[in-house]
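Peer 1: Please take these sequences and the hints and turn them into a complete structure.
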Amino acid sequence: MPVYQAGNIPAGKVGKDGRVVIHAKEYTPGSTWKKGFIEVNLFAADTPHGNADLTRLNELERMATKFLKDMGWHDGTAYRFEVASTIPMENANLKAHYINTKVLFKVLNTME
0 MPVYQAGNIP AGKVGKDGRV VIHAKEYTPG STWKKGFIEV NLFAADTPHG NADLTRLNEL
60 ERMATKFLKD MGWHDGTAYR FEVASTIPME NANLKAHYIN TKVLFKVLNT ME
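Per numbering that gives the first Met the number 0, the very first residue in the sequence shown carries number 0; after that it's consecutive.
Treat the hints as calculated values from the structure; they're not laboratory data.
One should not assume that every hint holds.
[To be verified] Listed below are the simulated DSSO-like cross-link pairs for lysine-lysine, each with C-alpha atoms no more than 30 Å apart in a straight line: (1) K65 with K12; (2) K24 with K34; (3) K34 with K68; (4) K15 with K68; (5) K94 with K15; (6) K12 with K34; (7) K101 with K24; (8) K15 with K101; (9) K34 with K94; (10) K101 with K12; (11) K105 with K34; (12) K12 with K24.
Peer 2: Okay, here's the thing in structure tokens:
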């Protein structure tokens, strides 16, 4: 599936391959971890009759919860992320439904 950042999304309906759109949100400072959310929208084109492709949406939701979790180190700083919630939604203009996936992202707070 093609991947786009918010603000750089092509116009027009979603094609048969679907679409991924990522929205990065601001983090909230914490004592040990800086926490923030990233929204990942996984789109599936509607059926030819204009209905949601429920089979594909279920697959996308399962994939999101399976693969959008990790922990590790980058440049000496610990991080972790995991799915906080998934919500099926509709975008009539794109003739698609999607899974809105909120991913909680934590980075070890080494500066505060």
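Peer 1: Decide, hint by hint, whether the structure agrees.
Peer 2: Going down the list of hints, with the structure as the test:
For the proposed pair K65 and K12, the alpha carbon gap of about 27 Å is at most 30 Å, so the pair holds. This hinted pair checks out: K24 and K34 have alpha carbons roughly 10 Å apart, not beyond 30 Å. Between K34 and K68 the alpha-carbon distance is near 15 Å, which keeps this suggested pair within the 30 Å criterion. This hinted pair checks out: K15 and K68 have alpha carbons roughly 26 Å apart, not beyond 30 Å.
Taking the CA atoms of K94 and K15, the gap is near 11 Å; set against the 30 Å cutoff, the hint holds. As the CA atoms of K12 and K34 are separated by approximately 33 Å, the hinted pair breaks the 30 Å bound. Restraint check for K101 and K24: the C-alpha separation of about 10 Å stays at or below 30 Å, so the hint holds. Between K15 and K101, the direct Cα distance comes to roughly 24 Å. Compliance with the 30 Å bound is thereby established for this hinted pair.
Distance hint between K34 and K94 is unfulfilled; the C-alpha atoms sit about 34 Å from each other, more than 30 Å. At most 30 Å may separate the alpha-carbon atoms for a hinted pair to count; K101 and K12 meet this at roughly 23 Å. Simply put, K105 and K34 have alpha-carbon atoms about 5 Å apart, close enough for the 30 Å limit, and the pair holds. Restraint check for K12 and K24: satisfied, since their Cα atoms lie roughly 25 Å apart, inside the 30 Å limit.
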